[in-house]
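Novice: Residue numbering for the sequence shown follows my numbering, starting at 758 and increasing by one per position.
FYI, nobody ran anything at the bench for these hints, they're computed from the structure.
Predicted model only: the values in this text are computed from it and were never measured.
Quick reminder that beta carbons are idealized off the backbone N, C-alpha and C, glycines included.
It cannot be assumed that every hint is accurate.
The following label-pair restraints were derived from C-beta to C-beta distances [claimed, not checked]:
1. Gly922 - Thr819: 33 to 39 Å
2. Ala841 - Arg888: 18 to 24 Å
3. Ala832 - Thr923: 46 to 52 Å
4. Pro840 - Arg913: 37 to 43 Å
5. Pro840 - Gly922: 49 to 55 Å
6. Asp933 - Glu855: 38 to 44 Å
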Amino acid sequence: MTLEAQAQKLVAGLVRVAVMAPTDGPEPEHGLPPAHRQVLLLLGRRDREFRLSDLAAELGSTVAATMALVSPLIAEGLVEMRPAPSYAARDMRVAATERGLATTPAPQNWAASLLGHVEDLDDKTQARLLRLVTARIGLLQQQGSIPVTKMCLSCRFFDGYRHPGTDNPHHCWFVDAPFGYRELRLHCPDHIAGHLPPQSG
């Protein structure tokens with residue numbers, strides 16, 4: 758996995774934790790659902806626009822699902838979208854409006870505070886932080902604080918620490934291959950919720 762892909766996974770994980778983890782101060786009074794807060798947190802990180810496909814990647818989602826997520830924000834005047842030179846849907850440009858930026862929740866916890874610094878972290882630090890964020894998401898899901906997403910830790914094919922002491926300690930039985938922390942997915946299209954049945958060998 759490239760450093761850019763790792764950074765995208767880390768951003769997607771931090772955004773999920775940022776909108777659902779306990780805050781360091783009073784709860785914000787923006788009234789937006791968590792998914793919309795995720796979008797605004799991402800758009801608020803930049804002073805430029807996103808390609809729709811890039812926004813989807815940072816959300817760990819598909820272009821179609823991201824379009825559906827952004828549409829209500831456009832209707833409310835919080836986000837604007839304009840066509841790209843190619844006129845392809847995935848290349849549409851997405852940005853927060855002035856009103857949207859004013860609505861974007863300020864950092865309320867450690868995850869939100871880290872969002873603006875992901876690109877400044879080196880490869881090893883990103884990898885360590887991604888492990889922590891993935892574990893935190895798993896804990897929040899177990900507690901019922903955030904919806905269960907299609908991540909490795911909640912998949913019936915995930916066999917954690919099947920190969921301890923190696924660079925690829927985990928095993929995915931869907932593809933029958935070991936993998937490491939950098940390949941942990943936060944949103945996998947092949948995810949099936951459940952627990953792994955006992956494996957022989």
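Novice: If a hint holds in the structure, say so; if it does not, say that too.
Specialist: Results of checking the hints against the structure:
no., hint, verdict
1, Gly922 - Thr819: 33 to 39 Å, "36 Å, holds"
2, Ala841 - Arg888: 18 to 24 Å, "36 Å, violated"
3, Ala832 - Thr923: 46 to 52 Å, "50 Å, holds"
4, Pro840 - Arg913: 37 to 43 Å, "42 Å, holds"
5, Pro840 - Gly922: 49 to 55 Å, "52 Å, holds"
6, Asp933 - Glu855: 38 to 44 Å, "51 Å, violated"
The structure does not agree with the numbered hints 2, 6 stated previously, though it agrees with the rest.
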